[in-house]
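Given the coordinates of chain Y, assemble chain F onto it according to the supplied hints.
2 protein chains.
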Amino acid sequence: MLSKNQAKNIRALHRKKERREQGLFLVEGEKIVAELLASNWRIEALYATSEFIDAYQTQLIAKNIDAVPCRAQTLASVGTLSSNNAALAVVQQAPAHIKTDASWVLALDNINDPGNLGSLLRIADWYGIQQLVCSPNTVELYNPKVINASKGSFLRVAVQQQALPEYFASLPADKPIYGAYLDGESIHRISPSKTSGVVLLGSEAHGISPELAAFVTHKITIPAFGAAESLNVGVAAAVICDNLRRLTS
Amino acid sequence: MLSKNQAKNIRALHRKKERREQGLFLVEGEKIVAELLASNWRIEALYATSEFIDAYQTQLIAKNIDAVPCRAQTLASVGTLSSNNAALAVVQQAPAHIKTDASWVLALDNINDPGNLGSLLRIADWYGIQQLVCSPNTVELYNPKVINASKGSFLRVAVQQQALPEYFASLPADKPIYGAYLDGESIHRISPSKTSGVVLLGSEAHGISPELAAFVTHKITIPAFGAAESLNVGVAAAVICDNLRRLTS
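Chains as they are written, first to last, in our numbering: chain Y, 1 to 249; chain F, 1001 to 1249.
Pulled out of the complex, with its shape left as it was, chain Y reads as follows (with noise of 0.2 Å):
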């Protein structure tokens, strides 16, 4: 059974003021929570179905964790889901966790969107990018509709918040910048680096910064063959990254 403290203390993480003040956030739901397991994430507190209990029983000894046992309908009433039949768990906020190849990284210029986000982190981890930089208005990496939509990938790709023109200087002269444009060079055309690169994205509202373009090393564009007239961010994200990689497949 949840305390009443417990409830209350799992819903002031619904806030990112609380969040920021406690360095926790929570992560909800069978498999992202069994990926946490799995994970060197700390864990502060588990609250679970016992199924969830039983099905995890070894690697909640292994981490010694002391899960809180709740219904389903509890776990939904504390959380941020419609519904959870599994598990709820607090967690420490640790990027440092995460040792970066950073080869490859997604710059991000003003994401907003929570959902975006979290489709941004699945796609970098599928594609083997496991940094992200992102300016300082982008959404924070640990709104729950981030981590939810981010299927567990938060615990593989590193977020680094940072002014993106600091970035950018601070990176070697050859490191190949792609910018994402509506006309630019035909991302079926160019001849990427295997090695290594930067992706940068702008927010589907306003695009890429003007400040940000003078970085920008190849600006590119994903071909249209119908009417539709873009594609959202992390559609977007993804069709580039397939292109740059399938080099290497």
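Derived from the structure by calculation, the hints contain no laboratory data. What you are looking at is a predicted structure, and each value in this text was computed from that prediction instead of being measured. Hints may contain errors.
[Unchecked claim] Over 12 Å on every C-beta distance to chain F, these chain Y residues come out as not near it, computed from the model:
hint : residue
1    : Ala12
2    : Asp183
3    : Gly226
[To be verified] Which chain F residues face chain Y? A few, computed with CB under 10 Å, are given here:
hint : residue
4    : Glu1035
5    : Ser1119
6    : Asp1125
7    : Tyr1127
8    : Gly1184
9    : Ile1187
10   : Gly1197
11   : Pro1223
12   : Ala1224
13   : Glu1229
14   : Cys1241
15   : Asp1242
Even glycine gets a Cβ: it sits at the ideal position worked out from N, Cα and C.
Using the frame of chain Y, we list chain F on its own:
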């Protein structure tokens, strides 16, 4: 000003049953209503801010539409969007308005999430795919979340609901059917048809159902370079379409 009766009629169209019985649905927001005005879909009623009415006066006169002026707050309160400072249209369901070239088709097996179906419409439209064939258990096209996520692409892509075994059986024997699996041939290595084909996508949870596997002529896979288990179905569709279409670009 909106009458009580008009508000009631709009709110009724939030429900699938009412949409089906009345053969009507809602289209909301500036960009998508502007695209609607440029199409030949039939508008039954239009509610809009005076700014929108002023900006689109020419189109409204040309179509003989008597728009009802409303405040943005009213549009949001009767519609399905959390904010709408432009317009809301009540539109006739009329897929027959779309003339399609069915050389390329997306076939969808059991796609339940309205955001995913909307996203698939937008992706099909980008890649010049004018026909979707959906299994009967696919989410309804006229669900407001589908329409909104499609960003106007529902105006240009025809959606037909049909049992997929029946649809596949009706195709010419030499039509390639590309099925997206986690263990097929790499889409980076196949030599796709240059002229036509069907791309079959299953639900994120269950993949392509076994009874459809027999119709698949090419089992294909998006190569992974990292640790994510899967991609969102819309993201996967875009990457597959990009690879199938690149030979003709």
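Now for the hints, and whether the structure bears them out:
no.	hint	result
1	Ala12	holds, 24 Å
2	Asp183	holds, 15 Å
3	Gly226	violated, 4 Å
4	Glu1035	holds, 9 Å
5	Ser1119	holds, 6 Å
6	Asp1125	holds, 4 Å
7	Tyr1127	holds, 5 Å
8	Gly1184	violated, 14 Å
9	Ile1187	holds, 8 Å
10	Gly1197	violated, 14 Å
11	Pro1223	holds, 5 Å
12	Ala1224	holds, 5 Å
13	Glu1229	holds, 7 Å
14	Cys1241	holds, 8 Å
15	Asp1242	holds, 5 Å
This entry does not satisfy hints 3, 8, 10, going by the numbered hints stated previously.
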